[in-house]
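Protein chains in written order, with my numbering: chain A, 1 to 588; chain B, 1001 to 1228.
What the hints contain is simulated information worked out from the structure, not anything from laboratory work.
It is possible that part of the hints are untrue.
Taking lysine to any residue pairs in the SDA-like style, the calculated list, with each CA pair at most 20 Å apart, reads [unchecked claim]: (1) B:Lys1038 to A:Pro144; (2) B:Lys1137 to A:Phe262; (3) B:Lys1107 to B:Thr1095; (4) A:Lys27 to A:Arg219; (5) B:Lys1038 to A:Arg145; (6) B:Lys1038 to A:Arg219; (7) B:Lys1038 to B:Pro1151; (8) B:Lys1192 to B:His1175; (9) B:Lys1192 to B:Asn1106; (10) B:Lys1137 to B:Asp1031; (11) B:Lys1038 to A:His216; (12) B:Lys1107 to B:His1228; (13) A:Lys581 to A:Val566; (14) B:Lys1019 to B:Leu1090.
Derived DEER-like restraints, expressed as beta-carbon distance ranges [unchecked claim]: (15) B:Leu1045 to A:Met38: 44 to 54 Å; (16) A:Ala328 to B:Phe1094: 29 to 39 Å; (17) A:Leu390 to B:Val1227: 46 to 56 Å; (18) B:Pro1067 to A:Pro179: 40 to 50 Å.
Short derived list, chain B residues pointing at chain A, Cβ under 10 Å [what the hints assert, rightly or not]: (19) His1025; (20) Asp1035; (21) Leu1147; (22) Asp1156.
Built from N, CA and C at the ideal position, the CB exists for glycine as well.
Chain by chain, the residues:
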Amino acid sequence: MTTVDRGLDHLQGGHDEHHDVPYLTAKGGPIATVWDWMTTVDHKKIGVMYLFSVLFMFFLGGVAALMLRIELFEPTRQTAAGLTGAAFAGGEGSSVGAVGKFYNTVMTMHGAIMVFMFIVPGIPASLGNFFLPLQLGAKDVAFPRMNLASWYIYVFGSFFGVYVILTGVVDTCWTVSSPYSTSTTGQPQFIAMILAVFVLGFSSIFTGLNFIVTVHKLRAPGMGWFDMPLFIWALYATSIIQVLATPVIGVTFLLLLFERLFQIGIFDPGLGGDPVLFQHFFWFYSHPVVYVMILPAMGIISEVLAVHSRKRLFGYRAIAFSSLAIAAVSFLVWGHHMFTSQGELAATIFSALTFLVAIPTAVKVFNWIATLYKGSIALTTPMLYAMQFLFLFSIGGLTGLPLGALSTDLHLHDSYFVVAHFHYVMFGGTVIAFLAGIHHWWPKMFGRMYNEFWAKIASLIVFVGFNLTFFTQFFLGTQGMPRRYASYVDDFQLLHQISTVGSFILAAGFFVHLFVFIHSLVVGERAGQNPWGGLTLEWETDPVPLEHNFRHEPVVRHGPYDFESVVPPGCDEKEFPLPPKDEVRTIH
Amino acid sequence: MATIDSKASGVAKQDPLWKRYAPGHHWRNQDDEFDGAKIGIWLFLATEILLFSGLFCAYAVFRMLYPESIAQGSQYLDWRFGFINTVVLLISSFTMAMAIRDVQLNKQGWATINLVITLVCATGFLAIKFAFEYIPKWSEGKRLGNLFNYPYATTDHEHVWWSIYYMSTGIHATHVIIGMGLIAWLIYRQRKGAYGPTHYTMMEGVGLYWHIVDLVWIFLFPLLYLVH
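Pulled out of the complex, with its shape left as it was, chain A reads as follows:
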């Protein structure tokens, strides 16, 4: 056994009996339970609250995306969206201007919600919050109250932001580039949106700071840095970026706020300001932050691939260090978002640095594929999603290279090729991995299994829908369809229509998932302690973890991926048989 009673409870701040209940146990009546959840400092409850909050935001952002796709079904600015758009834009009738404004507003909503309210907090704050302390063998994150504050700030910022975008006409796109953002109409709404994003930054910093300290100080006895699961390494690298990049967007938006209030002339070229400075500031945050989006996803893939193929991860240290390498390089490449607004030499340097990102990323992908070699692969839903990730993320990654090369970027930039590339990485990468992670950890989070058959069907629908939606956009981009336009020339219609149909298939896949989840919560079969046979510490807890996570402080006696030599905790040896001793070659 890996967990031993060290009899040290008296040294661990007390071993209180009333915390030995599953964390989902209700505290009295409904009001008492709601109050308990609203004031909890338990990282598991906060993780679950974050999970539902970000998924709700994903729903809102998704609805906005579908509205965009409806509008793009026809080449001309059209009616279905136009009718609602007219009401939206202040009853100007379905005039061309009103519909265009509506399209821009919805596009801003889609971008701002998906970036700031879904995908940046997404995996770290939900799955990360829940499983980082569990995988470390800790009772909680380092600063539990700060963790709760992070959620409240997130909820406040998100609802404020969504309300503002819905009621006003903020149509700057999520990049709020100057001078458009310093001169566009909708003054109070715009200022409110800037404040919302500023506030959301704090929740991001709180989560990141909390994780770094937790990893440094709260690892279980016996867990060295290289005994940590790779999900933790990924979250650690993510947190570094969150802590170091977010303050920069903070000061940028503060300056932008004052630019709007007092025309301070820092960013507005009409007043002597420098709009390129805004772009530098903005991308100094917003480029590293795409690695905040993708790194935790990579961590999930490492976990899922190892557990569901019962193989020691190939190249553990290489994957761990590549996470840190990505975090480091992420701060050096922001200039590739502004090839046209800087000198040739700078553009060349940034282009070269951009290619550096491909190296640690490829290291990861090759190691993952090598892990699968000769593994006993179980085609569960998490595994299907992990394989989808490998496929889609590789396409996303490789299409980034022509965008990083100056000569090809001249042709491709600001086209649908960029849109497709970004969505292959962010959706095909992060969201797909998020789904893999949710299914992988669902039994541990809620103590119930989901319907494997329907979850697999849903994952198939998502895969088909996603590729129909976005693969077509590569063609659109190379043929010259510019991004961010509500209307287009007739030649593009077929591809746009395939894309729109695909987006609805994709949405259908998510609704199947939603029903699978609800079905699981209501009548799902009770999950065992360790349904997948994982070796990381979260599988040593009860089926639904206790309030204080572990019955006794765990002691780490084996690595997180020693599948060839360790019987998984809580599992029968027949269920997950070990290979014959003479076939095992230990690799270190």
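Go by the hints and put chain B onto chain A.
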């Protein structure tokens, strides 16, 4: 020492708060909690540096774009007020550090005195800033952005200089005000006996924060007042 004696006899009700302090349930012991809090504070300080680095960066850019406006702008500032404020802040940083040392040695009276001096210095800094700098300049029309209406401006982009000046010193002053609140809280808690040789996490954290506020001013002072 009295500390050690009372430890040997266990924790009693009449003991000061710092002796009765128990770490959060998820920490193995008090030392781990202290170390964790300290890493957290240092990370927070890193975010502060990055926040101000944006302003320093903007300063550098506009210095290159409009050198004469920036040079003219800094002529308007009186280095003597900046210098006095630098000294005031340095003294406050010293007394803050001394206050932490005092609680470590359980010299509670001296700790209070040093904390009060720190608070007085912080107030003095703001008083000088407002009475001799912000208010006179603002009333002369040397304001930021579209509020700028100084009639004797000699260069084109002086409003940009004032924007940078008010933004950077304003964000710094906001930090000073937050620091004053924190120090006042420390005095209140310290008088209640919350900090002592074995528990002074909050003092240490606020102390580090106060030093970074000081340090930012150390950079703002030469850039705004001395370099022409």
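Hint check:
1. B:Lys1038 to A:Pro144: Satisfied, since the Cα-Cα distance of roughly 16 Å is no more than 20 Å.
2. B:Lys1137 to A:Phe262: Cα-Cα ~17 Å, so holds.
3. B:Lys1107 to B:Thr1095: holds, 14 Å
4. A:Lys27 to A:Arg219: Given pair lysine 27 (chain A), arginine 219 (chain A) is violated - Cα atoms ~30 Å apart, limit 20 Å.
5. B:Lys1038 to A:Arg145: Between lysine 1038 (chain B) and arginine 145 (chain A) the Cα gap is close to 16 Å, so the pair holds against 20 Å.
6. B:Lys1038 to A:Arg219: With a Cα-Cα distance of about 17 Å, the restraint between lysine 1038 (chain B) and arginine 219 (chain A) holds, given a limit of 20 Å.
7. B:Lys1038 to B:Pro1151: violated, 50 Å
8. B:Lys1192 to B:His1175: violated, 26 Å
9. B:Lys1192 to B:Asn1106: holds, 13 Å
10. B:Lys1137 to B:Asp1031: violated, 50 Å
11. B:Lys1038 to A:His216: holds, 12 Å
12. B:Lys1107 to B:His1228: violated, 46 Å
13. A:Lys581 to A:Val566: holds, 12 Å
14. B:Lys1019 to B:Leu1090: Violated: lysine 1019 (chain B) and leucine 1090 (chain B) sit about 32 Å apart, past 20 Å.
15. B:Leu1045 to A:Met38: 44 to 54 Å: About 31 Å separates the Cβ atoms of leucine 1045 (chain B) and methionine 38 (chain A), which means 44 to 54 Å is violated.
16. A:Ala328 to B:Phe1094: 29 to 39 Å: At roughly 37 Å between Cβ atoms, phenylalanine 1094 (chain B) and alanine 328 (chain A) fall inside 29 to 39 Å, so the hint holds.
17. A:Leu390 to B:Val1227: 46 to 56 Å: holds, 54 Å
18. B:Pro1067 to A:Pro179: 40 to 50 Å: About 23 Å separates the Cβ atoms of proline 1067 (chain B) and proline 179 (chain A), which means 40 to 50 Å is violated.
19. His1025: Result: holds, 5 Å to nearest chain A Cβ.
20. Asp1035: It holds, given that the least Cβ distance between aspartate 1035 (chain B) and chain A is near 6 Å, below 10 Å.
21. Leu1147: holds, 6 Å
22. Asp1156: holds, 7 Å
Of the hints listed earlier, those the structure fails to meet are numbers 4, 7, 8, 10, 12, 14, 15 and 18, in rising order.
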